[in-house]
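Kindly generate the complete structure, drawing on both the sequences and the hints.
The primary structure of each chain is shown beneath.
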Amino acid sequence: DTAVSQTPKYLVTQMGNDKSIKCEQNLGHDTMYWYKQDSKKFLKIMFSYNNKELIINETVPNRFSPKSPDKAHLNLHINSLELGDSAVYFCASSQTLFQGAFFGQGTRLTVV
Amino acid sequence: GENVEQHPSTLSVQEGDSAVIKCTYSDSASNYFPWYKQELGKRPQLIIDIRSNVGEKKDQRIAVTLNKTAKHFSLHITETQPEDSAVYFCAASKGGGADGLTFGKGTHLIIQP
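These protein sequences, in sequence, are chains A and B.
Residue 11 in this note's numbering sits at position 11 of the first sequence, with consecutive numbering throughout.
Residues are numbered in this note's numbering as their position in the second sequence, beginning at 1, plus a constant of 1000.
In case anyone wonders, no lab produced these hints; they're calculated from the structure.
Where a beta carbon is used, it is the ideal one built from N, C-alpha and C, also for glycine.
One or more of the hints may lead you astray.
To be clear about the criterion: a stretch of chain A counts as covered by chain B if any three or more of its residues have a C-beta under 8 Å from a C-beta of chain B, and this derived list gives those stretches [stated by the list, open to error]: (1) 66-74; (2) 102-110.
Pairs of lysine-lysine, DSS-like flavour, derived with a Cα cap of 25 Å [to be verified]: (3) Lys40(A) x Lys1068(B); (4) Lys1057(B) x Lys40(A); (5) Lys1042(B) x Lys19(A); (6) Lys1094(B) x Lys52(A); (7) Lys9(A) x Lys67(A).
Put into structure tokens, the structure is as follows:
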């Protein structure tokens, strides 16, 4: 009964490939996010969706495209992967007001 | 946009002593301040949070204080234990929801036996 689950946990791929990371939450939350944690452990928001609608799109290359088929799912598709995309990507969800985000277990993406 | 500064980047304390981590934020409209603990290889986990209409909040050995005028907030851990060793992140947001969280750069807390 994991609250926020994302797959895969590890992803190793070559430069130039296209890959997707899936995320699902069973908390009934309205808002879902993607965060990127770099090698220095810095956590930065990439996207925010509220009820399937894109709310935040930080300065992220347009090779990254989120898709929310319904309120419980937010997937991340990455085109033409680059070495600098290597990081841990966390999916998270929250209610809209005054509640901290609950994070998935993370996907460690390594681009070789 | 919001900017959150966190200090220190590394903190080493003796087991049983107290630890204090401090954060400042730039956007006076921010009104929700959570703290996360991240153990090695694990996800960030919410440990305590505070809203801007409250000055202090406690939960057993951890407490958070907020000074809205000075735009800073702090995490206090008393009677530290080995399992408190982790990276701690402060964060700020407006409303805690769709705006997302702006994180500090993290504090690596080391509890010395």
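Outcome of the hint check:
Using a Cβ-Cβ cut-off of 8 Å, 0 residues of the segment 66-74 of chain A lie near chain B, which falls short of the minimum of three, so the contact claim is violated. Counting residues of the segment 102-110 of chain A whose beta-carbon sits less than 8 Å from any beta-carbon of chain B gives 5, enough to reach three: the coverage restraint holds. Restraint check for Lys40(A) and Lys1068(B): the C-alpha separation of about 29 Å exceeds 25 Å, so the hint is violated. With a C-alpha separation of about 30 Å, the suggested pairing of Lys1057(B) with Lys40(A) is violated against the 25 Å cut-off.
Straight-line distance between C-alpha atoms of Lys1042(B) and Lys19(A) comes to about 22 Å, which keeps the hinted pair within the 25 Å bound. At roughly 20 Å between alpha-carbon atoms, Lys1094(B) and Lys52(A) fall within 25 Å of each other, so this suggested pair holds. Of the supplied pair hints, the one linking Lys9(A) and Lys67(A) holds, its CA atoms being roughly 19 Å apart against a limit of 25 Å.
Hint check: violations occur at hints 1, 3, 4; the rest are consistent with the structure.
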